Structure formats: C-alpha cells, structure tokens
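Colleague: With the hints as constraints, model all of the structure from the sequences given.
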Amino acid sequence: MSGVINTSDTMQVEKVPLITGNQTFATITEKISSIAENKTPKMWFVLFGAASSLAIMMFGLIGYLVWEGVGVWGVMIPVGCGLAIVNFEFWVVIGHAGTLISAVLFLFRQKWRTSINRFAEAMTLFAVICALIFPGIHVGRIWVAYFMAPVPNQMGMWPNFRSPLIWDFFAVGTYFTVSLMFWYVGLIPDLASLRDRAKNRIRKIFFGITSLGWRGGNRQWKHYELAYLLLAGLSTPLVLSVHSVVSTDFATAVIPGWHSTIFPPYFVAGAIISGFAMVMTLALVARKIYGLEHIITLRHLENMNKIILVTGMMVGYSYAMEFFIAWYSGNPYEKFTFINRAFGPYAWAYWIMISCNVIVPQIFWSKKLRTSIPVMFVASIFVNIGMWFERFVIVVSSLANDFLPSSWDYYKPTFVDVGTFIGTFGLFFALFLLFIRFLPIIAMSEVKGVLPQADPHYHGHNGNGKGDNHGK
Amino acid sequence: MANKKVEGIIAEFKNPAELIHAAEKLRDSEYKKFDCHSPFPIHGMDRAMGEKRSPLGWIVGIVAFLGLGGGVLLEWWTSTIDYPLVISGKPFFSYQAYGPVAFAVMVLSSSFIALLGMLILNKLPRLNHPVFNSDRFLKVSDDAFFVSIESLDPHFDQVKTSDFLKSIGGQNIELLETDEEDK
Numbered sequence: 020m021s022g023v024i025n026t027s028d029t030m031q032v033e034k035v036p037l038i039t040g041n042q043t044f045a046t047i048t049e050k051i052s053s054i055a056e057n058k059t060p061k062m063w064f065v066l067f068g069a070a071s072s073l074a075i076m077m078f079g080l081i082g083y084l085v086w087e088g089v090g091v092w093g094v095m096i097p098v099g100c101g102l103a104i105v106n107f108e109f110w111v112v113i114g115h116a117g118t119l120i121s122a123v124l125f126l127f128r129q130k131w132r133t134s135i136n137r138f139a140e141a142m143t144l145f146a147v148i149c150a151l152i153f154p155g156i157h158v159g160r161i162w163v164a165y166f167m168a169p170v171p172n173q174m175g176m177w178p179n180f181r182s183p184l185i186w187d188f189f190a191v192g193t194y195f196t197v198s199l200m201f202w203y204v205g206l207i208p209d210l211a212s213l214r215d216r217a218k219n220r221i222r223k224i225f226f227g228i229t230s231l232g233w234r235g236g237n238r239q240w241k242h243y244e245l246a247y248l249l250l251a252g253l254s255t256p257l258v259l260s261v262h263s264v265v266s267t268d269f270a271t272a273v274i275p276g277w278h279s280t281i282f283p284p285y286f287v288a289g290a291i292i293s294g295f296a297m298v299m300t301l302a303l304v305a306r307k308i309y310g311l312e313h314i315i316t317l318r319h320l321e322n323m324n325k326i327i328l329v330t331g332m333m334v335g336y337s338y339a340m341e342f343f344i345a346w347y348s349g350n351p352y353e354k355f356t357f358i359n360r361a362f363g364p365y366a367w368a369y370w371i372m373i374s375c376n377v378i379v380p381q382i383f384w385s386k387k388l389r390t391s392i393p394v395m396f397v398a399s400i401f402v403n404i405g406m407w408f409e410r411f412v413i414v415v416s417s418l419a420n421d422f423l424p425s426s427w428d429y430y431k432p433t434f435v436d437v438g439t440f441i442g443t444f445g446l447f448f449a450l451f452l453l454f455i456r457f458l459p460i461i462a463m464s465e466v467k468g469v470l471p472q473a474d475p476h477y478h479g480h481n482g483n484g485k486g487d488n489h490g491k
Numbered sequence: 635m636a637n638k639k640v641e642g643i644i645a646e647f648k649n650p651a652e653l654i655h656a657a658e659k660l661r662d663s664e665y666k667k668f669d670c671h672s673p674f675p676i677h678g679m680d681r682a683m684g685e686k687r688s689p690l691g692w693i694v695g696i697v698a699f700l701g702l703g704g705g706v707l708l709e710w711w712t713s714t715i716d717y718p719l720v721i722s723g724k725p726f727f728s729y730q731a732y733g734p735v736a737f738a739v740m741v742l743s744s745s746f747i748a749l750l751g752m753l754i755l756n757k758l759p760r761l762n763h764p765v766f767n768s769d770r771f772l773k774v775s776d777d778a779f780f781v782s783i784e785s786l787d788p789h790f791d792q793v794k795t796s797d798f799l800k801s802i803g804g805q806n807i808e809l810l811e812t813d814e815e816d817k
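As you go down the protein sequences, you meet chains A and B in turn. 20 is the number of the first residue of the first sequence in the numbering used here; add one for each residue after it. 635 is the number of the first residue of the second sequence in the numbering used here; add one for each residue after it.
Listed next, the in silico DMTMM-like pairs over lysine to aspartate or glutamate satisfying Cα-Cα at most 25 Å (straight line):
| hint | chain 1 | residue 1 | chain 2 | residue 2 |
| --- | --- | --- | --- | --- |
| 1 | A | 223 | B | 813 |
| 2 | A | 223 | B | 777 |
| 3 | A | 218 | B | 813 |
| 4 | B | 757 | B | 776 |
Hints in this document: simulated from the structure, not taken from any laboratory. Values in this document were obtained by computation on a predicted structure and should not be read as measured data.
Modeller: Pasting the structure below:
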C-alpha cells in the first residue's frame with residue numbers, strides 16, 4: 020500500500036525511503052528510548068573508564084602546565100604557537116559539521132538530516148568544549164584569561180576590539196552558546212518522551228524538569244517550530260563566520276603562508292570535511308552497536324560521503340591555489356614558504372595532509388566504495404588525521420621557517436603537548452558516552468515527522484478516504 | 635471522599651489525518667480553548683486550527699537589531715571614550731574591525747531571545763498541567779494523537795463537550811479531574 024505516498028504531480032516520489040524496515044511511530048520511540056533506558060552494557064563501563072582516565076590525565080597535565088608555566092610545552096621562538104593552537108583549530112572545525120547538518124541542511128529542507136542531527140549537534144558541543152580548553156591554557160597565566168571578556172574591572176581596562184584574538188573569543192563563545200541552545204531546543208520533545216516512559220522516580224523528576232512540561236500541543240509546536248527555524252537561521256551564518264574569524268588570526272599576521280585572503284573560505288571547507296568525517300566515524304560505531312541500521316541508512320552515509328568528496332576537492336583546490344598565488348605574487352618569502360612546506364623539514368606532515376584530505380576522498384567517486392561501510396570508516400579516520408595535519412602544517416611550518424634564516428628552528432612537541440591532545444579525546448569520548456547512555460541519541464520527534472504516515476495525506480488515500488479536503 | 639474538579643476533556647484520534655479533521659471542526663465550533671496534541675508537528679495543523687503565525691520572528695528580529703547596535707556601542711564606548719589606546723596607529727573608532735564582535739553579540743542575543751521567547755509564549759516551564767492527569771495521555775509523546783478542551787472555555791459542558799468530541803470521531807474520551815484539596 021505504501022508504494023505511492025504522494026499522488027500529486029508536483030511532488031517527487033522518493034526512490035529510496037529515508038527510514039527503512041516498516042517503522043511505526045511506536046517502534047521509533049521504543050528503539051531509541053530503550054537505548055537510554057536499558058541496563059548499562061558492560062562495554063560502556065570499559066569505554067567510559069578508558070575515556071575518563073585519559074580526560075583525568077589531561078587535567079593533570081594542565082595542572083602541571085599551570086604550575087610550571089608554558090616552558091613544559093615544546094613552544095619556543097620562532098614557533099610560539101605550537102600544538103595548543105593546532106589542537107584548538109582541529110577541535111573547533113570538528114564542531115562545524117554538527118551545525119552544518121543541524122542548521123544548514125534544515126534550512127535547505129534536507130530531510131535525511133533528521134537521523135544524524137542530534138548526534139552531530141552533541142558532537143559539536145563536545146568538540147567545542149575540547150577546543151575552548153586550548154586558548155584558555157595557551158595564555159599561560161590562565162587566571163587572567165578573563166581579560167578577553169568585556170568585564171568592568173578595577174584596572175579600568177577593556178579588551179582591544181581591533182584584535183582578531185578578541186574576535187575569536189566572541190565568535191567561539193557565541194558558537195558554543197548558540198549550539199547548546201539549539202541542541203536543547205531540539206531535545207525538549209524527546210525529553211518529554213523519556214519522561215512519559217519513565218518508570219522510576221529519579222528519571223521522572225529528571226526528565227520532568229528538563230522537558231519543561233512539554234505536552235505536544237499544536238499551540239506549543241507553533242512557537243517551537245519557529246524558534247527552531249530561527250535558531251537554525253542564526254546558526255547558519257555562524258558556521259561560515261566562526262571559522263572565517265578563526266582564520267583571520269592567521270590572515271592578519273604578516274607571516275608568509277598565513278597572510279592570505281583565501282583563508283576564510285578555505286578554512287570553512289576544511290571545517291566541513293573534517294566535521295563530516297568525525298560524524299561518520301561516530302555514527303558508524305553507534306549504528307553498529309545499537310543496531311540503528313534502519314534509521315541511519317546507507318543513504319544517509321552515502322550523502323555524507325558525497326559531501327566529503329566535494330569538500331575534499333574544495334580543500335585540494337585551496338592547497339593548489341595557495342601555491343599558485345605564492346608563485347604569482349612574486350613574493351620570494353611566500354614562494355619559499357610553500358616550496359619549503361612541500362619539500363622542507365616538515366614535508367612529511369605536508370604529504371600526510373595531501374594524501375588524507377585530497378587523495379583519500381577521491382575513492383568516493385565509486386558508488387561501490389561510497390556505500391561500503393568498512394571503506395568509509397577507514398576513509399573517515401584518514402580524513403580526520405589529514406585535517407589535524409593541515410592545521411599542523413599551517414601553524415608550525417610557517418612559523419618555523421619565516422623571513423630570517425638565522426631565527427629558524429625545528430619545533431618538537433613534548434610529552435605534555437601530546438598527552439594533553441590525547442587527553443582531549445578522552446574528554447570528548449567521555450562526554451559522548453554519557454550522552455549516548457542517558458539521552459535520546461536520535462531526534463525521535465523529527466524522525467517521526469519524516470515517516471510517510473506522518474503526512475496527513477497518507478491516511479487520506481490509504482485509510483479512511485477522507486483525508487484530502489482539509490485546510491480549505 | 636475528595637471532591638473532584640473537572641479541568642478539561644481529552645479525546646484520542648487515530649492518526650494525523652483524523653486529528654486535522656477534528657481540528658477543523660473545532661475551529662468552526664464555538665470552542666476556543668482547545669489544543670491538538672501530537673508526537674511531532676503536523677504539517678497543515680496551524681491552518682486547520684485557525685492559528686495565527688507565531689510572533690516570535692518579529693521579537694527576534696527586533697532583538698537582533700538591538701544586539702547589533704549594542705555590540706557596536708560597546709566597542710565604540712570602550713575603545714573611544716573609556717579606554718582610548720593607540721594600537722598600531724589605528725584610529726580609536728576602527729569600525730572596519732568591529733564587525734565580528736558586533737555580529738557575535740547580535741547572534742548571541744537573538745538566539746537567547748529565540749529560546750526564551752519560545753518558552754514564554756508557550757508558558758513553559760511549568761511543572762504540571764491537567765492533561766497529565768490522564769494516563770493515556772502519556773502516549774502523546776510516543777504515537778498517540780489527542781484533542782484537549784479546557785474547562786475554562788465558556789462553552790465547556792461536561793456532557794455536551796464530550797458528546798461533541800464523540801461526534802467528530804474522538805475515542806477514549808476522558809475527563810481530566812483533580813482533587814479539590816490539592817488546590
């Protein structure tokens with residue numbers, strides 16, 4: 020019966036359904052809520068233990084850093100921005116795909132986003148938390164980090180709003196806050212579902228408070244939907260602006276290899292590819308563990324792979340264009356910097372970056388590889404590695420060999436640098452595990468909304484035959 | 635024995651199509667204080683219920699302009715009036731550099747208002763509501779569709795209203811009662 024959903028000529032009949040396996044509203048609720056309700060699997064404790072141990076190591080290393088000073092890092096002159104800035108960039112870009120999926124695809128009415136948006140938004144939040152740690156500790160004296168905020172103080176000082184560092188602080192701070200609100204608004208109806216299913220008192224109280232008394236009336240949905248749309252509309256320029264602003268930290272400097280107008284769009288394309296790669300990695304694991312194959316279908320994964328392919332080529336174009344401009348500008352320092360990147364002391368990092376970001380995504384031209392789970396899993400990890408090295412190449416190779424050969428040096432991170440970076444993965448996964456354990460990992464109300472039976476016309480044609488005369 | 639107070643009536647409908655039909659009949663009826671509850675927003679429900687568009691867009695729009703203005707004002711006042719400092723020979727009021735922060739303040743303030751405005755317009759958060767007295771109603775966040783009519787409606791009458799809900803196809807009609815002593 021469900022072969023034809025829409026008989027009207029203007030609507031296109033979907034070839035592949037978004038959600039497979041003949042789901043009903045009830046099976047969606049059951050499938051997703053039960054993940055947050057069932058007994059905690061043993062594996063969860065193992066993973067959470069490992070992740071939180073790494074996070075504790077990170078906090079320990081940060082304590083050591085604060086106690087001893089930034090000398091425990093490998094940073095020196097001329098490489099004053101070491102792994103801390105590389106890691107900040109790496110994590111903040113991961114977050115971008117979350118907002119892209121939840122906001123931009125929402126505005127473009129890409130219904131396939133519903134299965135992965137909650138996930139991606141949570142990933143955004145946790146990635147931005149990891150990112151925000153680094154500029155905070157990178158200032159060295161972390162107790163004066165509040166200087167960046169426009170807080171009236173006894174010294175009568177104000178931040179310098181002409182500085183890209185302050186732009187960064189505002190852009191990333193806003194990004195985190197808006198992402199948090201967007202995520203929470205999306206969660207409200209699903210928290211209400213968990214509240215209504217809650218068996219014990221603690222759950223009833225917890226979800227009763229967090230769902231804010233949601234009762235799913237259309238007089239509430241009306242405001243809710245508009246608020247969601249507005250937040251999506253406000254987040255969309257944020258995706259494009261946050262990383263553009265971050266890139267101005269580099270672009271406004273005079274260092275060859277940084278001082279470039281291509282940076283904002285180039286960084287945004289990089290943000291999208293790395294974020295999608297991370298969503299892919301996480302979604303593939305969760306899909307396997309929780310058996311969500313019918314909700315996160317091959318079609319969702321294929322669409323994400325197509326985006327990785329496109330943005331991979333955009334990033335490749337940017338790499339090529341940087342080289343071209345370095346030659347075309349006639350500036351000997353620029354020219355040297357780029358030749359040095361590809362063939363100098365950091366050539367290994369450069370070629371890892373090119374292989375992972377430009378060459379690996381090319382396999383997605385093939386439909387067979389694009390729809391193969393193991394292939395896309397490995398490719399997504401490669402892209403993540405490549406994007407970390409992109410930041411490394413930009414930050415370190417430009418600084419290490421700048422104008423004056425007498426000031427050149429070779430930057431080597433210390434164990435504190437590396438340990439803190441590994442520790443952020445611990446923090447990220449610990450937060451993510453808490454999320455998949457206690458909250459609905461897929462936006463239930465939105466997935467129900469894209470099921471064919473959610474369309475009032477569906478019942479009109481297949482059920483009681485009186486569904487087509489409303490709204491006159 | 636506790637005295638029961640009737641706060642409203644709910645009726646269940648089978649699917650989104652039936653709920654939309656019920657909404658149209660309610661819209662054309664004398665009842666004003668009714669609502670249609672569903673696990674997800676139903677396309678076309680606003681029109682079926684005769685609902686106006688939410689004013690939230692205007693509120694957020696106004697706040698966005700105020701936020702943008704506020705951001706520029708903050709930057710102008712701090713770097714021109716309260717703490718003028720020459721940095722790389724740039725003018726105190728370097729408006730070219732003020733874009734990112736003013737933009738961030740605009741987005742931040744309007745997002746706050748989008749969330750708070752949505753909650754205020756929905757009269758949320760609230761800890762209880764008569765509809766939660768019904769155990770069947772718990773299914774509304776799962777797969778059930780309900781119409782509720784509150785007793786505050788001037789045309790509300792226990793018998794007549796439930797007959798009306800039955801006539802438009804409602805099933806499992808239930809009175810929402812609370813104990814008087816609770817009040």
